Every structure is written in C-alpha cells, then in structure tokens.
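Using the sequences plus the hints, can you model the full thing?
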Amino acid sequence: MSSIPVKRSLTKRIWLQRYLMILTLPAILWMILFNYIPMYGIIIAFQEYTPFKGFIHSDWTGLANFKELFNDPTFRESLSNTFKISVAKLVFGFPAPILLALLLNELVFKRFKRVVQSLTYLPYFVSWVLVVGLMYTLLDPDTGVLAKLLVKLGLIGDETMLMGSAHSFLALVVITEVWKNIGWNSIIYLAAIAGIDPQMYEAAVMDGANRFQRVWHIMLPAIKPTIIILLILSIGGLVNSNFDQMYLMQNSMTQDAANVLSVYSYKMGLVSGRFSYGTAVGLFQSLVAFVLMYLANYSSRKITKESLF
Amino acid sequence: MIRKGIQTGAAAVLFAAMLAGCSSNNNNAAPSVSGPASTSAPSASESASASASASGSADASQPAWKTDTSPFTFTQYFYGNWASNYLWKEQFAMELVKKKTGITIDRKLATGSDDDYLNTMIAAGDLPDTIMLDWNNPAVTKLIQNGMVYSIDELIEKYAPEFKSQLDPNMVKYHSVDGKLWYLPNLYETEDRLTSGVPIVPIRPWFIRSDIYQAIGSPKIETTDDLMNALKSAKEKFPDVSPVGLEFFDVAQNGFHGSNSMDYLIYSFSPHLLEEQVKDDQQIVEYPMRNKGFIDAFRYLNQLFRGGLLDSQLLIYKQEQYEEKLYGGQYAVASQFMTNMYTMFNPKIQTALGKDKTYTVLDGLKANGQDPRYPASRLMGWQGFFITKNAKNPERIIKFAEYAWSDEGQLDMRYGTEGETYDMVDGLPKLKDDILNMKLNDNATFNSKYGFDDSTLLWRAGKQWDDAAARDLKESQPEQYDASVLLSKYDYDSYSLGMENLEPDGSSKEGTINTKVKDLWNKTIPKLVMAKSDDEFNSAYDAFVKQINQVGAEKVEKVMYQRHMADLQKKGLK
Chain A
1 MSSIPVKRSL
11 TKRIWLQRYL
21 MILTLPAILW
31 MILFNYIPMY
41 GIIIAFQEYT
51 PFKGFIHSDW
61 TGLANFKELF
71 NDPTFRESLS
81 NTFKISVAKL
91 VFGFPAPILL
101 ALLLNELVFK
111 RFKRVVQSLT
121 YLPYFVSWVL
131 VVGLMYTLLD
141 PDTGVLAKLL
151 VKLGLIGDET
161 MLMGSAHSFL
171 ALVVITEVWK
181 NIGWNSIIYL
191 AAIAGIDPQM
201 YEAAVMDGAN
211 RFQRVWHIML
221 PAIKPTIIIL
231 LILSIGGLVN
241 SNFDQMYLMQ
251 NSMTQDAANV
261 LSVYSYKMGL
271 VSGRFSYGTA
281 VGLFQSLVAF
291 VLMYLANYSS
301 RKITKESLF
Chain B
1 MIRKGIQTGA
11 AAVLFAAMLA
21 GCSSNNNNAA
31 PSVSGPASTS
41 APSASESASA
51 SASASGSADA
61 SQPAWKTDTS
71 PFTFTQYFYG
81 NWASNYLWKE
91 QFAMELVKKK
101 TGITIDRKLA
111 TGSDDDYLNT
121 MIAAGDLPDT
131 IMLDWNNPAV
141 TKLIQNGMVY
151 SIDELIEKYA
161 PEFKSQLDPN
171 MVKYHSVDGK
181 LWYLPNLYET
191 EDRLTSGVPI
201 VPIRPWFIRS
211 DIYQAIGSPK
221 IETTDDLMNA
231 LKSAKEKFPD
241 VSPVGLEFFD
251 VAQNGFHGSN
261 SMDYLIYSFS
271 PHLLEEQVKD
281 DQQIVEYPMR
291 NKGFIDAFRY
301 LNQLFRGGLL
311 DSQLLIYKQE
321 QYEEKLYGGQ
331 YAVASQFMTN
341 MYTMFNPKIQ
351 TALGKDKTYT
361 VLDGLKANGQ
371 DPRYPASRLM
381 GWQGFFITKN
391 AKNPERIIKF
401 AEYAWSDEGQ
411 LDMRYGTEGE
421 TYDMVDGLPK
431 LKDDILNMKL
441 NDNATFNSKY
451 GFDDSTLLWR
461 AGKQWDDAAA
471 RDLKESQPEQ
481 YDASVLLSKY
491 DYDSYSLGME
501 NLEPDGSSKE
511 GTINTKVKDL
521 WNKTIPKLVM
531 AKSDDEFNSA
541 YDAFVKQINQ
551 VGAEKVEKVM
561 YQRHMADLQK
571 KGLK
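Taken in sequence, the protein lines are chains A and B. In terms of our numbering, the first sequence opens at residue 1 and continues consecutively. In terms of our numbering, the second sequence opens at residue 1 and continues consecutively.
There may be inaccurate statements among the hints.
What the hints assert, rightly or not - In silico DSS-like pairs for lysine-lysine, Cα to Cα no more than 27 Å straight-line: (1) Lys325/B with Lys355/B; (2) Lys509/B with Lys148/A; (3) Lys67/A with Lys355/B; (4) Lys235/B with Lys152/A; (5) Lys509/B with Lys53/A; (6) Lys318/B with Lys148/A.
Said to hold, decoys possible - With beta-carbon atoms standing in for the labels, derived distance ranges: (7) Val291/A with Trp82/B: 23 to 31 Å; (8) Tyr294/A with Ser176/B: 53 to 61 Å; (9) Phe212/A with Trp82/B: 57 to 65 Å; (10) Glu191/B with Phe83/A: 53 to 61 Å; (11) Ile175/A with Thr111/B: 28 to 36 Å.
Since the hints were derived computationally from the structure, they do not count as laboratory data. No experiment lies behind these values; they were computed from the predicted model shown. A virtual CB, placed ideally from N, CA and C, is assigned to each residue, including glycine.
Below, the structure written as structure tokens:
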C-alpha cells in the first residue's frame, strides 16, 4: 500500500484495507475487553473496597492506601528488591542474546548453527514451575547432581543450600533467567542481522575489514534500532520482575530477597484479601513503569534519534 | 477472485469465532442456571420412584427434607485443595444421599492456593450455592458483614422449623454472630468428648524408626536430653540417615508454632503456655513468641542444628518433599499426624523396606524436670456450612442440611446402609469386615468406592459413632490405639481457658499488624534455628521482639484479650 504515492480519501483507504481491518478487529476488541475495561477497576485503589458494595458504592478513602504504602517497611524492601533484581537482569540479561546472535551468525557450519539455536531456545518453552522444581532437585546439597558438581569444582562449600540462601538468590535468579530466555530473545536479533544487505559486507571485505571490524562497523550499527527499541521496552519493564519466578523461588530463607512488588501486591491483595491495598501497590508499579519507559524513550530520542514513539 | 473470497471468509470466521468466544464467556459468567437441570436429567426416573415412595408415606410429622426429593444439584466450594476424596463421583455414600434426598452436591476445590481462590470469589461476588469454610477463617467475617450469606436461623424458621430443636443450644450460642447463626459448624464436640470416643492427641507425635532404636540399644527417651543423646548415637551408627524430620515451616499456614511438629516440643518446654499468655493485669493476651518456654523449644532445635542433628533443608522443604523422604524411612526420628503414620506411612514402609524400618511412637518429653501438658479442648467446630445469597434454592439446601444433621443422615454418611455395608453390634454400628479391611489396607479404593465420611461433611457430635470409632480403633489398629492412649495421658481440658479463635479479623487494622508480625516471625525462625552461637540466637530474637513492638504488636495483644473475654462469654464462663 505504501508504494502508492497518491493521497486518497479516508473512506477510500479504509475500503482498500477492509480485509486487514476485519482481521485486526478481534484483536482490538480483545484489547478493549480485557485490557481497557478492567482498567476501570483501578479506582478501588482509592477506596476501601468491599465486594458487596461494588466498585461504585464502596467508601472512598482518597490516598490513604498510598500513605500506608510509603510508610510500610515491607513495601520499601520490595521496591528496592525489585530494582536490584531488575537491574541485574538488565545488565546481564540484555546483552547476552545479542552476543549469542552475533556468535551464531558467524558460524559457518549451518547445521551446527541450527542445532545450537534450537537447543538454546528450548528452555523458553519450559514453564517456571518446572524450572524451579528442577532447581530444587539439582541443587539439593545431599542429592543434587549440579550441587555435587559445583562442590567438586570448588565453587561452593559442602552442604551449601543454594536455594535456601539470600546470598545466592540474586545470582540464581539472573542465571536462570538468562538461561531460559537467551535463545528466544536472540531470534529477533538474528532476524535483524539477516535483513542486512550482503553488499555492505562485500564492500567491507573489499576494503580489507576483518571479521571483528565487520561486526563492529556493519552489523552492530545495522541492528542498532532493534537494540534500542528492545532496550527501551526492557527499561519500562524494570519494575515488573518476573512474578512466577520470584513466587516459586521464595521460601522462608529467601523471602527477604524475593519479596518484589508483584509478589507483595499479590500477597496483600489476594492472599490477605486487602483488595484495595493490593491494587494500590499494583497501580504504583504501573505508574513507575510508565515513567521509566517514557524517560528511556525520551533520552534515546535525544541521544540516538531512535525511539519507540 | 477465489483467493479474495477465501480471505473474506477467513476473516469472517475469525471474527465470528471471536464473538462466539465472548458470548459463551458471558454465559459462563452468569451462575449456571441450566447446570442443575442438565446434570440431574439422567437420574429423573430414579428420583421419580424416590419421591413416589416418599409421598406414599407422607404424614404431617415427617421431616422437611422428605417433602421434596426431586433431583436437585447445588454447588459447593470446599476450603482445602487437598480434599479430592470429597468430590462427588459415584461413591456409595454419595449415591445413598442422592437416592434418599434427590440431592447432588457439585463440590469444587481450589486449583491453587485456597485463600486466593476464596478471596477472588468474594471480590468478584461470584460465590457458589454453598461454602464449606473453616469457621475461624478471616474471610468468614467478610462473608457475614457483606451480607453474602443467608442466616441459618432465618432459613430454618421459614422452611424447616422442626430442624431447630435438633441443634445443640450451646453450639448455637457459641457460633452465633450478632445474635444469628450464619453457618452450621461441623465437628462441634460436646463435653463428653474428652472421655468418650477415640483418645485425643492434640499434637503431632514424634516417632523413631524401630531398627535404629534397637541398634542404639533401646534407651529410655523420657526427656529432651534423652532425645538429643539418642539422636547423637543414631547419627553415629547411621550416618546416611537424617536424624530428625519435621513437617514444613510456614507461619501463615500453620500458625505461630511454625511447623505442626513443633507442638510436641513447645508443650514440653512450656507446659503452661496458654495460661501464661493471658495477662489479666495488663489486659492483653501475649504473643506466644514472648514466652520463654516457647522460645526454648526453638533454642532446642538450634542446639540440634549446631550438633549436626537437624538438616536445615527442612526449613525450605515443602510438605511433599518431606513426606517423600519419610516414605523412604530416611529419618531416624520423624514427626507425622498420628493416623497418617499408622495408615499411610508405616504400611507402605513395611511393604517397601520391611517391618523393622517402620516407626514407633515416642512418649511425651519432660523438659527441665516438668511433664508436658497438651491442651486438648473438645473441638469447637472445624468448618462452617454456609448458604450464600447466590443459592438458587436455599429452601432445598436447608432441608438437605436437616437430613445431613439427623441421626439417619449421620449414619448414612459414616456407615451406609444397615445390612448392606454395616451391622449393629451391641448397639453400635460396625462396617462389614471386608469393607473395614479395605478401609485399613487400601484406603484409596475404599474412598473411591464407598466414600464414607466424605459425602455431606456435616459431622455432628454423637456418642454412638464416637464409641463405635473408639471400638474400631482399639480392635483393628491396636498399635495406633495404644500410641494415642500413651500420649493422651498428658491432655488437659483447655476449654475453660477461652483461647479459641483469638487472632484479629484480617481486614481490621490489628489484622494487618498481625499479618506483619507473622511475616516477621516467619523470617526469624530460620535465623533462630540456624544461629551459629547463643549470642547470635539471642540477638536475632531480640531484634525480632524489637521489630514486632515497632509495628504495634501490643495493639493486637489487646484485641486478642478482648476476643479471649468474648470466647469465655460465649462459652458461658464469664
């Protein structure tokens, strides 16, 4: 469609795209139904919500829930945990798939490349429940194979409870996250790399560029927009540390480290039935996410001229 | 042209599917009005005969439930995701209820955490017809205050007036809230329960593996020090076996003792815990964590840990992981619910590993020269049977409750049909031998075939079945009976202490503080148990006390005192 330069009237353009429009309609309806309409429920963050009175008639409390929030030490702890974990995930987890994609792309033996690629993205399809169950089994100090191996290698002491220590918690969170998502996330970079015009490489080779220089001067600049957009998205996701992973990995010994915003919101809202307070936590989280993403987008637009919106 | 047609078609189909998806969702959201009719349709003929026979013998004095025995299904949520045995399939006991009353209970369990499930239902206002929920669960207040459940008295008055005389007036008094009864509590026991029926063991007993006990020379284990010495020799002789096994720790789920296995130690170190918690001069009921003996129980665990006798893994184990190791006989000393040990673990260990590896119960432990004391109140009830405002036909449901509450309903649930599944022996019901054998040796088949005790779940106190249960236990499981007698000698009646249901309502201000205190205590337990020295133990404990004082523990302790007074009042003791 974009190849037609003539400006047409709106109705005409809609008519031309009618099939595409019909196809997107279910998705739009879905969005409205499941994403926009439920947003109405946010108002209970400003109420003392009782189910019997409903959304409209529950008593209004203004910002009382938020006041309590900021005075609650557990909330502050969960906030700092969230940032600690998310920043670690960003620092280690963000470059990893880029590196993997670059390495995979340099492989000459195509079948090996395909095998590695499949193997690295398989863990993405394993649910966190299974992953954490496996971790408990593999890292059990008495019977765990992996724990025994680490002891043999001298990396951990005998009888170390990796799953039951606040010290190893952060490392385990980041390692499993990277292991699980590296392959999947690298697909998007591989696709971007595949889209680079081969003539550029050929020209670079003519100019005598070596492999490393080709990567640095051709490939990375070419996939820069992809990297920037994904970076902006992940900065927006800084406050959304993975709920499944945190919830499953916490136990009485690691709960200090594993108490993140989403877990806290869940515990307050659903487990103890303080619906309004739980919603206030969730709302605060969304607000911070929005501000972070906006700032990331803004600075990226200023610095690199690339941006999401 | 053709391609275009396909495109349009595909788009239209997608769109239609989407719309269909929405509309069917909407149908589901509305309480399934068509549900009962469709599920009960197949049994129409059966019920026709049932109602015919009922109307044949109709007279004015008959109970209300007999007036209508047409097929009727109501939904029920049972708080307890473990209870798959309670689901209505084609078990004997369930079929019997269906045959007599026409009622089918469509019982549902939570798929994940029960509190989640329940709170979500309450928040959405999407409740089933009835709910079975622990009467002291924080959500109960919510259900009542929000007007989401019917008052049982009103329903009785309206639809089944003669039911009222069947209810124990003491029970009604104890369980009424704001002058009304909002639920029917099951397992409300009467005063004679302490002297009749199966001996009460109010703690999780500790057991020792028989072969290990013999190998270390069968020493006397009467005090906490004896136990420690026995564990030391067990570890020397069996280095591959974990010396101690405890059930999972979780304060939110198990209460302040952390793990159910702790009661055994706590009531040794602090035999007068409940009395000591009440401070009448300050008008507070103290948190048990302020009690020296209570903390000494944890200090004892710490000593075990430092002596290499306690695997710290236990602090992060889930119940399943613990039970798996117990099935393998991998603990020298282990704690487990009495009945489960004798009907599940020991039989399985015996077939898999041999009789010598089964577990024998330990006697109560003396600490600091004092005998233990176990608070054995009669049960004030376990779960309440709630009829929600969503119920389509509360009349049928209250009439059904009358049936379930009656002697006939009780015997139907517990024993089935006389002559077919049980006989009367000396005035007490007794299951037929083959069925009793199946119950003891193949519990899973017994449950799926007969489902006795699992149908209406409205267990009511009664001397007849209490005595029958005691006789059965004595005759068919002498080992468990002896173990129960051994431990029940430490029982005392804690009824008059008024320590039932003290924790504040979860949504109140004090309830929030209480949650925080529990959370802090949950974090502190591992620190205490794994402390490397006495100093570290004490400083972790001091830090904890300071923290709970900061979050306002005293306010909760005041509320607990008020609730303590209210409990005494309801029992008619103040």
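Against the structure, the hints come out as follows:
1. Lys325/B with Lys355/B: Holds, at about 17 Å.
2. Lys509/B with Lys148/A: Not satisfied, since the Cα-Cα distance of roughly 48 Å exceeds 27 Å.
3. Lys67/A with Lys355/B: Answer violated: Lys67/A to Lys355/B is near 62 Å, above 27 Å.
4. Lys235/B with Lys152/A: Distance of about 25 Å is within 27 Å: holds.
5. Lys509/B with Lys53/A: holds (20 Å)
6. Lys318/B with Lys148/A: holds (22 Å)
7. Val291/A with Trp82/B: 23 to 31 Å: Given about 44 Å between the Cβ atoms, the range is violated.
8. Tyr294/A with Ser176/B: 53 to 61 Å: Hint holds: Cβ distance 56 Å, inside 53 to 61 Å.
9. Phe212/A with Trp82/B: 57 to 65 Å: holds (60 Å)
10. Glu191/B with Phe83/A: 53 to 61 Å: Holds, since Glu191/B and Phe83/A (Cβ atoms, about 58 Å apart) stay within the stated range.
11. Ile175/A with Thr111/B: 28 to 36 Å: This hint holds: roughly 30 Å between Cβ atoms.
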